[in-house]
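Participant: Heads up: the sequence lines are chains A and B, in that order.
Its first residue numbered 1, the first sequence is counted upward by one per residue in the working numbering.
Its first residue numbered 1, the second sequence is counted upward by one per residue in the working numbering.
Keep in mind that the hints were calculated from the coordinates and are not lab data.
Just so you know, not all the hints are guaranteed correct.
Claimed, not checked - In silico BS3-like pairs for lysine-lysine, Cα to Cα no more than 27 Å straight-line:
{"id": "1", "chain 1": "A", "residue 1": "K137", "chain 2": "B", "residue 2": "K120"}
{"id": "2", "chain 1": "B", "residue 1": "K120", "chain 2": "A", "residue 2": "K95"}
{"id": "3", "chain 1": "B", "residue 1": "K5", "chain 2": "A", "residue 2": "K61"}
{"id": "4", "chain 1": "B", "residue 1": "K117", "chain 2": "A", "residue 2": "K61"}
{"id": "5", "chain 1": "B", "residue 1": "K110", "chain 2": "A", "residue 2": "K91"}
{"id": "6", "chain 1": "B", "residue 1": "K120", "chain 2": "B", "residue 2": "K81"}
{"id": "7", "chain 1": "A", "residue 1": "K95", "chain 2": "B", "residue 2": "K114"}
{"id": "8", "chain 1": "A", "residue 1": "K95", "chain 2": "B", "residue 2": "K81"}
{"id": "9", "chain 1": "A", "residue 1": "K91", "chain 2": "B", "residue 2": "K104"}
{"id": "10", "chain 1": "B", "residue 1": "K120", "chain 2": "B", "residue 2": "K15"}
{"id": "11", "chain 1": "A", "residue 1": "K109", "chain 2": "A", "residue 2": "K95"}
{"id": "12", "chain 1": "B", "residue 1": "K5", "chain 2": "B", "residue 2": "K114"}
{"id": "13", "chain 1": "B", "residue 1": "K110", "chain 2": "A", "residue 2": "K95"}
{"id": "14", "chain 1": "A", "residue 1": "K95", "chain 2": "A", "residue 2": "K61"}
As the list claims (entries may be wrong) - Beyond 12 Å from chain B on every Cβ pair, some chain A residues (computed):
{"id": "15", "residue": "F14"}
{"id": "16", "residue": "V19"}
{"id": "17", "residue": "T103"}
What the hints assert, rightly or not - Facing chain B, a subset of chain A residues (Cβ under 7 Å, in silico):
{"id": "18", "residue": "R31"}
{"id": "19", "residue": "L57"}
{"id": "20", "residue": "G59"}
{"id": "21", "residue": "S75"}
{"id": "22", "residue": "H76"}
{"id": "23", "residue": "I87"}
{"id": "24", "residue": "G90"}
{"id": "25", "residue": "K91"}
{"id": "26", "residue": "L92"}
{"id": "27", "residue": "F105"}
Quick caveat: nothing in here was measured; it's all calculated off a predicted structure.
Where is the CB? At the ideal position from N, CA and C, for every residue including glycine.
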Amino acid sequence: MVMATITRSTEVGFELPPVSMQMQLEHWIEREDYQQKGNPGFHGATNIHTDVEAARLEGLKAPVAGGPLLLSQISHMMMLAFAEGWIQGGKLSAKIVRPGYATDFMTAKGVIREKIPEGSAIRFVCDVWVEKQTGEKAIVGTASGLVR
Amino acid sequence: MTETKARVLYDGKAKRTEYDEFEIGSEFTPAELTLTLEQIDYFCQGNHDYHEWYSVDSPFGGRICPPLMNYRAARDLLSAKYNVRGLLYEYETENINPLKPNRKLRLSGKITNKWIKRDKEFIEYSVACVDEDGMDIFRTRRVHVLDVLPRNVPRSATNEKTFNKL
Numbered sequence: 001m002v003m004a005t006i007t008r009s010t011e012v013g014f015e016l017p018p019v020s021m022q023m024q025l026e027h028w029i030e031r032e033d034y035q036q037k038g039n040p041g042f043h044g045a046t047n048i049h050t051d052v053e054a055a056r057l058e059g060l061k062a063p064v065a066g067g068p069l070l071l072s073q074i075s076h077m078m079m080l081a082f083a084e085g086w087i088q089g090g091k092l093s094a095k096i097v098r099p100g101y102a103t104d105f106m107t108a109k110g111v112i113r114e115k116i117p118e119g120s121a122i123r124f125v126c127d128v129w130v131e132k133q134t135g136e137k138a139i140v141g142t143a144s145g146l147v148r
Numbered sequence: 001m002t003e004t005k006a007r008v009l010y011d012g013k014a015k016r017t018e019y020d021e022f023e024i025g026s027e028f029t030p031a032e033l034t035l036t037l038e039q040i041d042y043f044c045q046g047n048h049d050y051h052e053w054y055s056v057d058s059p060f061g062g063r064i065c066p067p068l069m070n071y072r073a074a075r076d077l078l079s080a081k082y083n084v085r086g087l088l089y090e091y092e093t094e095n096i097n098p099l100k101p102n103r104k105l106r107l108s109g110k111i112t113n114k115w116i117k118r119d120k121e122f123i124e125y126s127v128a129c130v131d132e133d134g135m136d137i138f139r140t141r142r143v144h145v146l147d148v149l150p151r152n153v154p155r156s157a158t159n160e161k162t163f164n165k166l
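Bound-form chain A, shown alone (with noise of 0.2 Å):
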């Protein structure tokens, strides 16, 4: 049995808890292949998220994390929080505002800002990011889960 982790008493000012990630571009080259195995239309194999040649010649100093794989984070703290609340009807809001590098610790946290009613639910409208080892982040938004 999954449970979520917020429940209907839970109060604003609570902080979800956060997921990290070590990022490696040796993960980013392996992503690619698994995207290539589920999505064989898509990418190429070699792109800015595994190839410095190919993230120079766009115009950045080295690979960078795809954003689905930070946003991915966002989501897997979400969905340890809020479960069911956020498969269905779960909404999220970010911005990428830094790039991610192959040497950055990521970690997704998020804060309960708001608790509105909706119908016979409470929606928990939370603060979040993602941020590097330094503090400096990389995402923010906004993100909420119904508790119903």
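Use these hints to put chain B onto chain A, whose structure you have.
Facilitator: The following block gives chain B in isolation, referenced to the frame of chain A:
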């Protein structure tokens, strides 16, 4: 940022779509898609996004897809019409109902805006997804910046190492 002197004009697929070629309101070709259990496994492995409901079973009747699997589904609509690399800048999604494997999904979308800010070119698009029964599954809005380099850098380079195949 780097010593790159030109924005990419051609990549391994074709000529990059330029800012002036994006027309606000222009609709994408609607697409049908069926996600598979195998694709869920690949996504979870590739993104280290694991949950019992994705891999074993869920209260929704069988395994479900991680919500971020909507990323590729919607991006493919853009890539089918325009040759865009760039970087994802904004991502917005509403998970209306579970994204389930082995269900026919219908996606539609369009370019909703474009603008120039700090000498960078941005495009915005939105995509909606319904399942084979007409049930709303997700809605998403994305913003991509077309280039890392500012628009005053000439667009003349070739980068055959990066492209979207669609």
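Participant: Now, for every hint given, state plainly whether the structure supports it.
Facilitator: Here is what the structure says about each hint:
1. For the proposed pair A:K137 and B:K120, the alpha carbon gap of about 21 Å is at most 27 Å, so the pair holds.
2. About 15 Å separates the Cα atoms of B:K120 and A:K95, which keeps this hinted pair within 27 Å; it holds.
3. Annotation: proposed proximity of B:K5 to A:K61 holds, straight-line Cα distance about 13 Å (limit 27 Å).
4. Simply put, B:K117 and A:K61 have alpha-carbon atoms about 22 Å apart, close enough for the 27 Å limit, and the pair holds.
5. Taking the CA atoms of B:K110 and A:K91, the gap is near 20 Å; set against the 27 Å cutoff, the hint holds.
6. Annotation: proposed proximity of B:K120 to B:K81 holds, straight-line Cα distance about 21 Å (limit 27 Å).
7. A hinted pair counts as satisfied when its Cα atoms are at most 27 Å apart, and A:K95 with B:K114 qualifies at roughly 16 Å.
8. A C-alpha spacing of about 24 Å is found between A:K95 and B:K81, which places the hinted pair at or below 27 Å, so the restraint holds.
9. About 23 Å separates the Cα atoms of A:K91 and B:K104, which keeps this hinted pair within 27 Å; it holds.
10. A distance of roughly 19 Å separates the Cα atoms of B:K120 and B:K15; the hinted pair therefore holds under the 27 Å criterion.
11. A hinted pair counts as satisfied when its Cα atoms are at most 27 Å apart, and A:K109 with A:K95 qualifies at roughly 14 Å.
12. Between B:K5 and B:K114, the direct Cα distance comes to roughly 25 Å. Compliance with the 27 Å bound is thereby established for this hinted pair.
13. Taking the CA atoms of B:K110 and A:K95, the gap is near 20 Å; set against the 27 Å cutoff, the hint holds.
14. The suggested pairing of A:K95 with A:K61 holds, with an alpha-carbon distance near 21 Å, which does not exceed 27 Å.
15. Interface exclusion of A:F14 from chain B stands, the closest Cβ pair being 21 Å apart, more than 12 Å.
16. For A:V19, the condition that its CB be more than 12 Å from all CB atoms of chain B is violated, with the nearest at approximately 9 Å.
17. Separation of A:T103 from chain B is adequate, the least Cβ-Cβ distance of about 17 Å exceeding the 12 Å criterion.
18. With a least beta-carbon distance of about 4 Å to chain B, the hint placing A:R31 at the interface is held under the 7 Å criterion.
19. Against a cut-off of 7 Å between C-beta atoms, the interface hint on A:L57 holds, since the closest Cβ of chain B lies about 4 Å away.
20. Interface hint status for A:G59: upheld, as the beta-carbon distance to the closest one in chain B is roughly 4 Å, under 7 Å.
21. Hint on A:S75 holds. Least Cβ distance to chain B is approximately 5 Å, under the 7 Å limit.
22. Given hint, A:H76 at the interface with chain B, holds; its Cβ is 5 Å from that chain's nearest Cβ, closer than 7 Å.
23. Using the Cβ-Cβ criterion of 7 Å, the hint placing A:I87 at the interface with chain B is satisfied: the shortest such distance is roughly 5 Å.
24. Here the hint on A:G90 is kept, as its CB sits about 4 Å from the closest CB of chain B, short of 7 Å.
25. Restraint check, A:K91 versus chain B: the minimum CB separation of about 5 Å is within 7 Å; hint holds.
26. The closest approach between the C-beta of A:L92 and any C-beta of chain B is roughly 5 Å, which is under the 7 Å cut-off, so the hint is satisfied.
27. The interface hint given for A:F105 is violated, since its Cβ lies 13 Å from the closest Cβ of chain B, which is over the 7 Å cut-off.
In this structure, the hints that do not hold are numbers 16, 27, in rising order.
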